[in-house]
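Asks: Below are the chains, spelled out letter by letter.
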Amino acid sequence: MTALARPDNDALLSTRAHVPEHVVYRAFVQETVVLNLETGRYQGLNPTGGRILDLLGGGHTVGSAARALAEEYQRPVPDVEHDVCTFCTDLLDRGLIELDGDG
Amino acid sequence: MATAELQPEPFPGAVAERWTGYAFGVVLECDDVFPGVMPTTSAANGRSASWREVSREEIEGAWRPDAGEILFERRHPDGRLFLQVDTRSELGFRIWAPYYGRHLVDPDGQAIASALPRVPPVRWQRLFFAQVLPLAAALQGMSLFHASAVALDGRVLPFIGPSGIGKTSLTAHLVSLGASFFTDDVLALEPRPGGVLAHPGPARLSIDDRELRRIPSAQAPRLGPCLGRSDKLMLATQPLETPLPVACLYYLRPDSEATHIVIEERRTEPGRTLLGSSFINYLRSPGYLERHLVISAALDASVQLYDIRIPRGFRPRDIAARVLEHRDELSGR
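Respectively, the protein sequence lines represent chains A and B.
Under the working numbering, read the first sequence as residues 1 to 103, first letter to last.
Under the working numbering, read the second sequence as residues 1 to 333, first letter to last.
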């Protein structure tokens, strides 16, 4: 199977992402649980991961979500951008988010 | 006027009133009393399933042996079939266990047809209440957990944990000590504002006979009469008749290093424990999976999960006594 081409981080940061219809998630006290309804598989996210999902669902681009997160956590923007891009790429690979225009 | 003229006669085309009972949040409708199901006149939020007895040939005729997708299969150690569940989209589900009966549940869980084998009733009832009625409830929107439960002070205490850990035995001992029976092995839940509502199961509790003998004879009558044996003894334990909110959850876990029974708040990953306690794991429809996620999140947000760490050698009676102490501690008694 050929892996789908993923945008580099610069392109990813300017892109909006969304949670597809076959994915639902709920916040638990200690984590956010994402459920892929097509596979029946659950994925646990730590609170920061859950917050990123909320920001993406609120219409942020990946980059603006990263900047909002950097402000909330008082962290350097480039560091957070890198972490958020890694996180989003992992979710893309698992089919738990889609880039706008992909779906 | 002759007296006979005053006798009511069946109106042509009228439907005779059917018997209705309630378990797992579903009203079961049938022509006669269904053993083990508590009678009701309420509508249970509109969830109902009609039940009728049919011949084996009727089920086999509707469902050819080579048709359908096998969802679940369990075999005896010697390879003989113990239980099989298969599905066909237009017919629903067939649940079949040799010597326990075969049943058809329609795709929306609103109709059940059963071919009952010529065996003692406790045998087919065991399968009906362990698999058939729970499946109908799940198809109608209930979330099912692998749990036994009692009620104390108007709230439900469910016990979850691995198979064979002693959920039913603990429940039986708590009932013998004065708690109200709520359900054995399958717990039906639905969200409600600010919490989770639990629905009682049928009036049946299946227990190992050695464990039943450990219940003092003066207290054993609280568990109801013994109806017979299938793989275990089946007791006609009367559950509460109304849904109740969940107070907290207990997870039973063996702990070989513990020296006494410890009950402590679960601090890590309670959500995963709840998600892993689903009943009817072969049901993978998006709606059922999402409901389980939603109810697990509601439980996580509204009630505390406690671990009961059980050292070697401690029996369900000891655990029951500790649970009652724990409830007293929490309520400040």
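Everything labelled a hint here was simulated from the structure, so no lab data went into it.
Backbone N, C-alpha and C define an ideal beta-carbon position, used for all residues, glycine too.
You may find that some hints are simply not true.
As the list claims (entries may be wrong) - Derived list of chain B stretches under chain A, where covered just means 3 residues or more per stretch with a C-beta under 8 angstroms from a C-beta of chain A:
1) 151 to 165
2) 207 to 220
Unchecked claim - Here are a few chain A residues that sit away from chain B, every Cβ distance over 12 angstroms (derived from the structure):
3) R16
4) V24
5) D83
Claimed, not checked - FRET-style restraints, in silico, Cβ to Cβ:
6) B:S217 - A:E38: 40 to 46 angstroms
7) B:S285 - A:E72: 44 to 50 angstroms
8) B:R80 - A:R16: 35 to 41 angstroms
9) A:P47 - B:V262: 40 to 46 angstroms
10) A:E38 - B:E58: 44 to 50 angstroms
Asks: Hint by hint, note whether the structure agrees.
Replies: Right, here's what the structure says about each hint:
| no. | hint | in the structure |
| --- | --- | --- |
| 1 | 151 to 165 | violated (count 0) |
| 2 | 207 to 220 | violated (count 0) |
| 3 | R16 | holds (24 angstroms) |
| 4 | V24 | violated (5 angstroms) |
| 5 | D83 | holds (23 angstroms) |
| 6 | B:S217 - A:E38: 40 to 46 angstroms | violated (55 angstroms) |
| 7 | B:S285 - A:E72: 44 to 50 angstroms | violated (37 angstroms) |
| 8 | B:R80 - A:R16: 35 to 41 angstroms | violated (56 angstroms) |
| 9 | A:P47 - B:V262: 40 to 46 angstroms | violated (28 angstroms) |
| 10 | A:E38 - B:E58: 44 to 50 angstroms | violated (35 angstroms) |
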